[in-house]
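Undergrad: Now for the letters of each chain:
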Amino acid sequence: MEEYLVASDLTRSYGGPTPAVDGLSFSVRRGELFALLGPNGAGKTTTIRLLTGLLGPTRGTAYVGGLDVRDLDAGPEIRRHIGLLPEAAGLYESLTVRRNLELFGRLFGLSGTDLDGRVRTQLLSLGLADRAEQKAGTLSKGLKQRLAIARALLHEPDCVVLDEPTSGLDPEAAKGVRDALLALRASGRTVILSTHHLEDADRLADRVAVIRGRLLALDTPAGLKERLFRHLVAIELLRADARAEELLGSVEGVRSVTREGTRLTFEVGTGEEIVPSGVEALVRGGYRVRSVAALNPTLEDAYLRVIGAASTPPSGAA
Amino acid sequence: MRPIRWPLVKELARKDLEEIAQSRQLLYPLFVVPVFLTGDALLTFSLAANGLSTNGLSTQSAFFTFAEFLLLLPVILPILLGASSVVLEKSNRTLEPLLSTPLTDTELLVGKALAPLVPALALTGASYTVYSLGALAIVNSREPLTNLPWGSLLLAAFVLAPLLGLLSTFVALAVSTKAKEVRSAQQIATLLILPLLLAVIGVGLAVGPNLLGQLAFALAIAAVAYAVLQVTVSRFHRDQILVAGV
Ligand SMILES: Nc1ncnc2c1ncn2[C@@H]1O[C@H](COP(=O)(O)OP(=O)(O)O)[C@@H](O)[C@H]1O
Ligand SMILES: [Mg+2]
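Residue numbers (numbering that gives the first Met the number 0), protein chains in the order written: chain A, 0 to 317; chain B, 0 to 245.
Some hints could be false.
Unchecked claim - Chain A is faced by these chain B residues, among others (derived, beta-carbon under 7 Å):
no.	residue
1	L7
2	R92
3	E95
4	P96
5	P101
6	Q229
Stated by the list, open to error - Stretch by stretch, here's where chain B covers chain A in the computed footprint (C-beta under 8 Å, at least three residues):
no.	region
7	49-55
8	76-85
9	98-111
Hints listed in this document are in silico derivations from the structure and should not be mistaken for laboratory results.
All residues carry an ideal CB built from backbone N, CA and C; glycine is no exception.
When you get a sec, could you build the whole thing from the sequences and use the hints?
TA: Here it is as structure tokens:
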């Protein structure tokens with residue numbers, strides 16, 4: 000598939016000892032829903048600002064539809080391709096819902112009946128039609144977020160970029176936003192979102208980039224779980240002790256055995272014989288096996304492992 | 000450089016004006032200051048014209064003095080409106096969506112400059128009109144109207160006031176771009192504009208109702224305005240605006 004957005008050694012420093020975003024390289028395909036996952040301060044917002052041309056990189060660059068974000072003359076064109084939902088909705092609260100949309104429509108070069116039609120469509124599709132003449136400041140947080148999404152979609156961008164779109168919303172409002180995101184992807188748009196909610200990344204994203212200053216992992220949610228926890232197996236014994244743990248650990252292909260009560264958990268590399276050999280070793284050692292089960296790792300397990308392995312703290316704080 | 004797209008610039012300025020119109024904090028001083036200054040100018044002028052002036056000003060020099068005095072308006076009003084302009088976008092977090100539109104840095108700056116400049120100059124013009132009409136009414140019965148230095152008044156209203164307004168607006172915007180909050184932005188901008196304010200009054204009165212002298216003064220202000228414009232443009236980049244302050 001065609002690559003729509005490419006980050007190449009993308010780096011941004013705010014003047015602190017380490018850059019906030021350091022050497023990110025990845026590409027997002029057209030029509031893909033791509034998640035940037037990382038803890039607070041990981042550089043998600045900075046990355047999004049770099050990708051949308053709001054901040055200039057200190058090193059490296061990014062391309063949007065083939066245009067270089069460092070090229071200031073290409074800026075207006077790049078921004079026309081992108082619909083941005085920033086971390087804060089950033090509405091003009093003393094202006095009406097309709098005026099907020101009209102303003103951005105006009106700044107994106109829309110006018111007349113075309114603008115009116117699009118405003119009406121967005122108001123309807125995001126359930127804001129009966130609030131159109133209300134001041135934006137009077138909306139609930141969830142509705143503000145929806146208005147900000149409507150604002151980002153008004154000029155029908157190829158690519159929608161959302162910075163923590165479900166953050167701080169109640170479950171119902173968050174679901175509304177997730178549905179809107181899925182509808183966007185279904186419409187063929189490229190969607191990039193940042194999140195620290197694993198569920199969002201797991202449920203919505205085609206691919207996930209885990210970042211913490213640097214790019215720590217990049218894969219599909221399933222691939223990320225699979226790659227990091229190839230196969231996690233638990234053997235339940237009637238009685239377990241340190242010797243059982245040792246016995247199992249000595250079997251070729253068995254890795255990182257842990258014991259919790261009567262349960263031994265371990266990772267299996269590739270090879271069909273490993274689990275049977277492990278069971279056999281335990282039985283020979285006089286242990287009685289109650290059950291053997293393959294565990295399904297969650298993205299959370301994978302995420303915590305990736306984040307934990309990155310010993311460098313989040314950087315860039317001045 | 001790409002040409003400025005005026006419809007976008009106007010849209011931004013219109014938005015800013017709508018916000019100003021919704022803000023009592025901005026609107027109140029915007030009208031009180033001109034009313035107060037014009038009223039004060041007329042009152043003192045009428046005292047002088049009636050021979051009641053304490054320092055024995057002639058009617059002519061009183062007319063000129065208060066015409067110069069009204070030049071405070073195009074200096075003060077843009078600071079009032081402009082200093083909060085970018086800071087508020089930052090603290091309300093509206094700056095990022097605004098910067099994500101196709102507006103160029105220059106268009107952003109021009110739109111942001113028009114919003115304080117237009118009402119400031121309109122109110123200055125209105126003040127000069129009221130002052131002139133008031134002065135006419137006061138002097139009417141006493142001496143020929145042609146004795147008053149009208150040329151100086153016109154020069155002040157149509158040349159000096161716009162130049163000062165422009166200068167003040169760009170000082171306010173430059174400060175607003177770097178500041179963290181509205182109050183400090185207004186204070187810093189006022190501090191920066193204070194020497195200008197004193198210069199305007201001092202030089203204006205020293206030059207007196209002398210058209211050539213006043214023109215030279217206007218040229219000097221134009222030069223300063225141009226320098227401030229250059230500085231403001233050179234530091235008005237979306238990257239820096241977004242990162243500075245807040
Ligand atoms: N304007 C700024 N000035 C200085 N440091 C900043 C600025 N913005 C962000 N940072 C720093 O950069 C790092 C990454 O921040 P950010 O991109 O906001 O992360 P995230 O969105 O993942 O929480 C943080 O350590 C933050 O303190
Ligand atoms: Mg963030």
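Undergrad: Does each hint hold? Answer for all of them.
TA: How the hints compare with the structure:
1. L7: Because about 6 Å separates L7(B) from the closest Cβ in chain A, which is inside the 7 Å limit, the hint holds.
2. R92: 4 Å, holds
3. E95: 4 Å, holds
4. P96: 5 Å, holds
5. P101: Constraint on P101(B) satisfied, holds at 4 Å.
6. Q229: 18 Å, violated
7. 49-55: holds (count 4)
8. 76-85: Holds, because 6 residues of the region 76-85 of chain A bring their Cβ atoms closer than 8 Å to Cβ atoms of chain B.
9. 98-111: Answer holds; 8 residues pass the 8 Å Cβ test.
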